[in-house]
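S.K.: Fit chain to chain and form the complex, with the hints in mind.
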Amino acid sequence: MSKVRIPAQLRTLTGGAGELVIDGSTVGEVLKGLDATHAGFGERIFDAEGGLRRFVNVFLDEEDVRFLDGLATPVTDGQTISIVPAVAGG
Amino acid sequence: MDFVSGLRCRECGRTYPAEALHVCDFCFGPLEVTYDYERVAATMTRERIAAGPRTIWRYADLLPVADPNPVDLGAGFTPLVRADRLAAELGLGELWIKDDTANPTGSFKDRVVSVALTKARQLGFKIAACASTGNLANSVAAHAARAGMDSVVLIPHDLERAKVTMTSVYGGRVFAVQGSYDDVNRLCAELTSEQPEWAFVNVNVRTYYAEGSKTLAFEVAEQLGWQAPDHVVVPIGSGSQLTKVAKGFQELWQVGLLDEEPSVRVSGAQAEGCSPVATAFAEGTDAIRPVKPHTIAKSLAIGNPADGWYALDTIRKSGGSCASVTDEEVLDGIRLLARTEGIFAETAGGVTIATLAKLAAQGVIRRDERVVAMITGHGLKTVEALADVVGPTATIAPTLDSFAEALAADSEHASIQRSS
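So the sequences go chain by chain: A and B.
Its first residue numbered 1, the first sequence is counted upward by one per residue in the working numbering.
Its first residue numbered 1, the second sequence is counted upward by one per residue in the working numbering.
Keep in mind that a hint or two might mislead.
Unchecked claim - Mimicking DMTMM-like on lysine to aspartate or glutamate, the simulated pairs with C-alpha atoms at most 20 Å apart in a straight line are: (1) B/K292 with A/E62; (2) B/K292 with A/D61; (3) A/K3 with B/E194; (4) B/K126 with B/D67.
To be verified - FRET-style restraints, in silico, Cβ to Cβ: (5) A/E62 with B/T165: 24 to 32 Å; (6) B/A287 with A/E62: 18 to 26 Å; (7) A/D61 with B/V383: 31 to 39 Å; (8) B/E194 with A/S25: 27 to 35 Å; (9) B/R366 with A/E63: 18 to 26 Å; (10) B/W226 with A/G15: 28 to 36 Å; (11) A/R66 with B/A397: 58 to 66 Å; (12) B/T279 with A/L68: 51 to 59 Å; (13) A/L68 with B/R316: 23 to 31 Å; (14) B/D410 with A/R66: 46 to 54 Å; (15) B/V390 with A/L68: 39 to 47 Å; (16) A/R66 with B/G171: 36 to 44 Å.
Please keep in mind that the hints were generated in silico from the structure rather than gathered at the bench.
Where is the CB? At the ideal position from N, CA and C, for every residue including glycine.
One chain only, chain B, in its complex shape (with noise of 0.2 Å):
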């Protein structure tokens, strides 16, 4: 049995019963999922969880759909890394990566997903449907064959190949769309019209698919012992992670499994490319103007967010920070945290990375903060973006001269050769 109360209008407060709805009828505001918090409350308690499965479906008491066997492939539960080398080279204290990498299609997409597919399988949903940057298509063409689902994926037509591969190796339909994806969401908007019947993960049960993203904010919370941190750093596409990984703190508080009440500081990440709540945040305005992308961080690359207004708000009254990166920076951030952490992740997990440096350089992240750095994707999906810049240290003969004479003529790897 789940504790959802219905849906509520952001905007306006219309309240409707939870059904395949994303908009208010009236003002076309968002809806948002609420819940009974008390009969959650009376419910959820940590020992409960701590008996759950290590997904995100330990939580499923404040998730917006309750089945016993969900569309689950694993989901959640993810590592959460100290990360101390790295910490030491951005001049931070104590600094989290969440590593998100590690969900089965290798981004935090499966936690949305796997809520989404559940709600839609128990609204009567047949086929599952997305418009994507790639990581969702992924993650939906994967749960869609995990339930027996048709899906139908629609994606920009010049993604990178890992992403059209593990969305194509699953047998769903896949179109490429010539156009970016703001024409791909603007297409799937107007096909959610004309196909009632298809359950589109992020336009008819965005409102259910959203509250995945809580689960993000839950485990950091159990993962340091029921605490919240001081400060999140969170990539923004659509800007709905951000706004649910503040809502997820504030329910933890809210049914009593937080001793102390969160006051996390979120601030936002984006690729200098496509940065319209960047934009908005150092401009001090409320309008979020749409761009046209362009960036290597595909992932985030939506000129036209749909949350983007509420990001924003969650940042400023959480007195937080936007800020935005470019490609080069994009790079380094890959590099910086693979070489300090060993974790790969993809493009959009560098523009976190390099915002985090650029933040703490600033010193809006502090040294006394606790820190957690939200790692979105893994980086084999975007492997590409790295190729001119990361490779072999030479190609050798198989002879031991060849070799020592490629050691000796490596500078970049100085330290390796003083200590052989």
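Okay, chain A solo, but in the shape it has when bound (with noise of 0.2 Å):
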């Protein structure tokens, strides 16, 4: 099980909650899940192709996730997913 740390901007589709615990065994199936039981999340966060919208960034733990595996990175428990609006900083 992973804590998912929620945008503001997404906390439209959680009922307010900043953090949610999902499963799933890599960063990817934890956002697919994210969206199974809070409709709306994925067109909110992938694109067309299913990838992450250019302007979505997701860190696992302290890491961007495009340094790693992208959304195949494995996930273990107790790790945290946030999910963070890119364009900020600069």
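M.R.: Written out as structure tokens, the structure is:
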């Protein structure tokens, strides 16, 4: 089970919750699991090809999953996945 | 009264009211301030601007907030210096330096922060916050103090000493984060969801903040007698400044302040140790691959640039270029600018000058172009970088003999000896 941190922009889909616990063995599975339990998540974070939208960053613990294996990155129990809007900083 | 008509997503076009929003709720695309340009055109004249303050606020009609008493330390209207000696060294014709080292806290960030905090105050925020590579930290802490707001600044732990001191002195809270700027940025992006009552200038009020960089273009055009240059060279950290400089020239044309439609080539400058945009430009791809930065140009060390894609697009559409330079070239660039024009820039300025030199040598920047290079921060902020390459000519005893001996031994400045 992984903890998933939800940004303010998506909390309308979670009833206001900023953190959910979801099952899955990869980052992609966890995010798809999120879509299964909270309708509408998928279209917000995935593009038409099923990849992450250009302006959505996903971190496994503190690391950007693009430096890991992307959506295929394995997730172990107790790790935290954060969904973070990419447009920030500088 | 401002002329803002709302916010619009650059990706999907959804529109929003002018509130504390920075990304589209639907697709996470960046929001852009939209203006009623017809009304701006009917109001904003060269005479009205000339009668305004000698700060960025003379261009208030094209800024996202109107306030007769803005949060202001005097940002903007910095010198545009004709740089003939530097031009001669680089084989260029008409070259100008936009000297933004002259801003109140020594960098262009005062432009964006003055706008961001004026808007934040109007929106009801009491606390100013930011993620920063240093220059923004300085500016947010100073402007917050000026406005009587509390400040919370997050910086990477390994910043230059001057930038840390220049932030802490204003009495706000400063958190040094054990990580890179990208780590700090991610932390602040997450904090924004938890602390919605804080105005993170480059996160939840970023839409307004970024607009402040347009004033670089407004000033350059006004200082050139209401003409746009042919080519500008802009350093790239997040890429926001570069895209806003291009937008600024276009807006001046749109509201009738330029006689000729601008056709400004925009070129980007990056340090080799953090060059995701220059790499994508060289490879001809659209994808900006994030990197782990390793460069002395810490103010540009953003491995995952928020506006990287838009900067790349702006560069390509304008017919400009993008290049990266080594840390050694950065130090050469700082000294070249100082030696030829008497302007001491921080490492980001060294990146700009070194890139200018490289693009000039390649013939990308041409001798027949009127060129402006943006020097965005003061050298005193990054003196450590130069510790091993500049210093006294000699250390001598207070005697004439000792002086004469040291003078004779100095081969670097042989011309002084000949003339003495």
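S.K.: So the hint says 58 to 66 Å: do the beta-carbon atoms of A/R66 and B/A397 match that?
M.R.: holds, 60 Å
S.K.: Just to be sure I understand the hint, the distance between the Cβ atoms of B/A287 and A/E62 should be within 18 to 26 Å; is that true here?
M.R.: holds, 23 Å
S.K.: Should the hint that A/E62 and B/T165 are 24 to 32 Å apart at their CB atoms be regarded as holding?
M.R.: Taking Cβ atoms as reference, A/E62 and B/T165 lie about 28 Å apart, which means the hint holds.
S.K.: Note whether the CB distance of B/R366 and A/E63 lies within 18 to 26 Å or breaks it.
M.R.: violated, 44 Å
S.K.: Could you see if the CB distance from B/T279 to A/L68 stays within 51 to 59 Å?
M.R.: Taking Cβ atoms as reference, B/T279 and A/L68 lie about 20 Å apart, which means the hint is violated.
S.K.: Kindly confirm whether 46 to 54 Å is satisfied by the beta carbon distance between B/D410 and A/R66.
M.R.: Given a distance of about 52 Å, which is inside 46 to 54 Å, the answer is holds.
S.K.: Quickly compare the C-alpha distance for B/K126 and B/D67 to 20 Å and report which way the hint goes.
M.R.: holds, 17 Å
S.K.: Can the restraint linking A/K3 and B/E194 be considered satisfied, given a maximum Cα separation of 20 Å?
M.R.: Given pair A/K3, B/E194 holds - Cα atoms ~16 Å apart, limit 20 Å.
S.K.: Between A/R66 and B/G171, does the beta-carbon spacing fit 36 to 44 Å?
M.R.: holds, 39 Å
S.K.: Mind checking the hinted window 28 to 36 Å against the Cβ distance between B/W226 and A/G15?
M.R.: About 55 Å separates the Cβ atoms of B/W226 and A/G15, which means 28 to 36 Å is violated.
S.K.: Between B/E194 and A/S25, does the beta-carbon spacing fit 27 to 35 Å?
M.R.: Given about 29 Å between the Cβ atoms, the range holds.
S.K.: Does the Cβ distance between A/D61 and B/V383 fall inside 31 to 39 Å?
M.R.: Holds, at about 36 Å.
Against the hints set out earlier in the document, violations occur for numbers 9, 10, 12.
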